[in-house]
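A.B. asks: Here is what each chain is made of, one letter per residue.
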Amino acid sequence: MIDPAPGYRRASVWLAALGLPILLALASTTHAAPPAPVQSPIQSFNIDFAVPRPVEETTALAIQRDYSQAWQSLVAALEENRAEMLDENFTGGARQQWQDAIHAQQKNGLSRRIVDHGHQVRVRFYSLDGSALEAIDTADLEIQYREGSKLLSSERIQAHYLLLLTPAESSWKVRILQEIPPS
Amino acid sequence: MNSLRRSLFLFFFCASGFCWAQLQVAGPLQAGSVATLQAPGSGSTTLYLFGPGGASKRPVQRGAIALSADELKTAGRYTAILDGSSTSFFVHAAKLEAISFIARPSRVPATASGAVLGSAFLFDRFQNLVLTPAPVSFRLAVEGTPGEERSVSAKDGVAWVQLNSGRRSGPAQFIAGSGEVRVRRIVQQVAADPCSLRMSARRAPDGNILVETTPIQDCSGNAVPDGTIVTFASVDAAGRSTVDARIKRGFARAELPASHSATLSVAAGVVLGNEIHWGGGQ
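These protein sequences, in sequence, are chains P and G.
Going by the working numbering, the letters in the first sequence line up with residues 1 to 183, in that order.
Going by the working numbering, the letters in the second sequence line up with residues 184 to 465, in that order.
Don't read these hints as lab results, they were simulated from the structure.
Where a beta carbon is used, it is the ideal one built from N, C-alpha and C, also for glycine.
A portion of the hints provided could be inaccurate.
Claimed, not checked - Pairs of lysine-lysine, DSBU-like flavour, derived with a Cα cap of 30 Å:
1) G/K338 / G/K278
2) P/K107 / G/K240
3) G/K240 / G/K278
4) P/K150 / G/K240
5) P/K107 / P/K150
As the list claims (entries may be wrong) - Partial list, computed: chain G residues near chain P (C-beta under 8 Å):
6) S239
7) P242
8) Q244
9) G246
10) T257
11) S302
12) V341
Claimed, not checked - Covered stretches of chain P, going by a simulated chain G footprint (3 or more residues, C-beta under 8 Å):
13) 61-68
14) 85-99
15) 105-111
16) 124-137
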């Protein structure tokens with residue numbers, strides 16, 4: 001094995017020491033990737049103000065799980081233009097409305113990429129018979145509007161959604177997901 | 184000279200991104216109504232419109248761009264994009280045209296406190312939830328009775344009520360209404376538990392004991408439905424005998440084993456009736 005000259009070895013160490021941070025800095029400026037989305041989009045789920053009936057803890061957990069899945073499927077469906085992805089977590093008007101949006105996107109070669117930075121949900125109404133739950137969701141979203149692979153526009157918004165969930169056989173489904181202006 | 188100055192100003196103004204602010208839609212907008220998107224400048228370009236119920240792309244002429252009622256029928260946020268600049272605007276629900284009314288239960292005992300629940304969700308004709316506060320009236324009544332009525336204000340598109348069931352049994356109309364819109368459900372009010380259950384006893388030709396109730400009614404005078412189980416019991420020196428009988432045409436009757444001396448009792452559900460000491464000439 002040939003041992004490189006000590007001077008050459010010293011120069012290599014300096015080069016590595018100086019070059020690595022520069023390369024890292026360059027990489028971070030050229031690839032300004034959006035912050036990674038949170039794993040479960042639901043950051044808080046407040047049931048303190050539910051009327052006329054309090055929400056049981058197990059019900060709250062089930063709703064958080066199902067609503068979280070609903071958003072994950074909506075984000076994927078709008079990006080990939082796959083309307084059938086909504087079947088599992090959406091029903092009624094909400095499913096129809098977002099499926100229409102996806103079909104229209106598909107027809108026009110458009111798509112929406114949503115980077116979900118989290119939701120804060122406050123339950124406002126839980127029916128006495130447990131058949132409906134209404135809440136306000138404040139969502140931090142980054143939406144990219146695309147035509148094919150071309151980015152048309154993007155915006156970061158704090159959106160307020162009024163949502164209505166109803167229980168199905170084994171899960172809660174989103175029946176209404178209507179964005180409302182900030183109050 | 185002036186026009187050159189204006190052109191230079193516009194060039195630097197737009198180059199710095201301030202032209203974005205000029206792309207706008209005058210609001211407030213209602214679902215299913217037409218709107219105009221104001222886009223500065225002239226010439227043809229492509230409009231992209233993303234909404235909660237659609238997404239479109241079409242060639243337009245800059246200036247006043249018409250957005251059709253069909254494009255704006257879903258309530259929520261819309262984003263219009265023109266040459267890389269964009270604007271967002273909200274479409275609100277149109278006027279109330281439908282009520283989704285959940286009434287529970289479908290069958291309820293008479294005079295039960297807070298037993299009838301109703302939730303009304305207010306929608307426009309495009310299935311958008313109508314969020315403007317609106318009075319909603321609820322009425323529960325069997326025909327020919329005053330029933331119970333309450334008016335509440337809808338909040339976030341929902342109004343709810345909890346009512347007592349009426350005194351009379353029969354099909355009660357449970358109506359939710361707001362403005363011209365009315366929705367009706369039927370809640371079957373049935374007799375509550377029997378009230379003052381009474382029976383009489385006599386000897387049958389074969390020596391057994393025939394027991395028979397008076398007409399079985401709840402405390403409001405409603406006949407307890409046929410098919411309801413009534414239990415007759417006899418306790419004597421030989422032990423205890425019970426017979427379950429169903430109410431038929433308002434009465435329940437049964438035959439208990441012959442006995443010289445027994446204590447007879449009757450019950451329906453949790454309600455106990457009178458006792459008869461059988462024997463010694465009774």
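A.B. asks: For every hint, state whether the structure bears it out.
C.D. replies: Verification of the supplied hints:
1. Restraint check for G/K338 and G/K278: satisfied, since their Cα atoms lie roughly 15 Å apart, inside the 30 Å limit.
2. Distance restraint check for P/K107 and G/K240: the Cα-Cα separation of roughly 10 Å lies within the 30 Å cut-off, and the hinted pair is therefore satisfied.
3. Annotation: proposed proximity of G/K240 to G/K278 holds, straight-line Cα distance about 29 Å (limit 30 Å).
4. At roughly 14 Å between alpha-carbon atoms, P/K150 and G/K240 fall within 30 Å of each other, so this suggested pair holds.
5. Note on P/K107 and P/K150: the hinted pairing holds, with a Cα-Cα distance of about 16 Å set against a maximum of 30 Å.
6. Among the interface hints, the one on G/S239 holds; its C-beta lies about 6 Å from the nearest C-beta in chain P, closer than the 8 Å criterion.
7. Taking 8 Å as the C-beta contact cut-off toward chain P, the hint placing G/P242 at the interface is violated, the least distance being around 12 Å.
8. With 8 Å as the threshold, the beta carbon of G/Q244 stays out of range of chain P, its nearest partner Cβ sitting at about 19 Å, so the hint is violated.
9. Using the Cβ-Cβ criterion of 8 Å, the hint placing G/G246 at the interface with chain P is not satisfied: the shortest such distance is roughly 20 Å.
10. The beta carbon of G/T257 comes within 5 Å of a beta carbon in chain P, closer than 8 Å, and the hint placing it at the interface holds.
11. Hint status for G/S302: holds, given a least beta-carbon distance of 5 Å to chain P, under 8 Å.
12. Checking G/V341 against chain P by beta carbon gives a least distance of about 5 Å; that is within 8 Å, so the hint holds.
13. Interface restraint, the region 61-68 of chain P with chain G: violated (0 residues with C-beta to C-beta distance below 8 Å; minimum three).
14. For the region 85-99 of chain P, the proposed coverage by chain G is satisfied: 5 residues have a C-beta within less than 8 Å of a C-beta in that chain, meeting the threshold of three.
15. Only when three residues or more bring their CB closer than 8 Å to a CB of chain G does the claim for the region 105-111 of chain P stand; here the count is 4, and the claim holds.
16. Coverage of the region 124-137 of chain P by chain G holds. Counting CB-CB distances below 8 Å, 9 residues qualify, and the rule asks for three or more.
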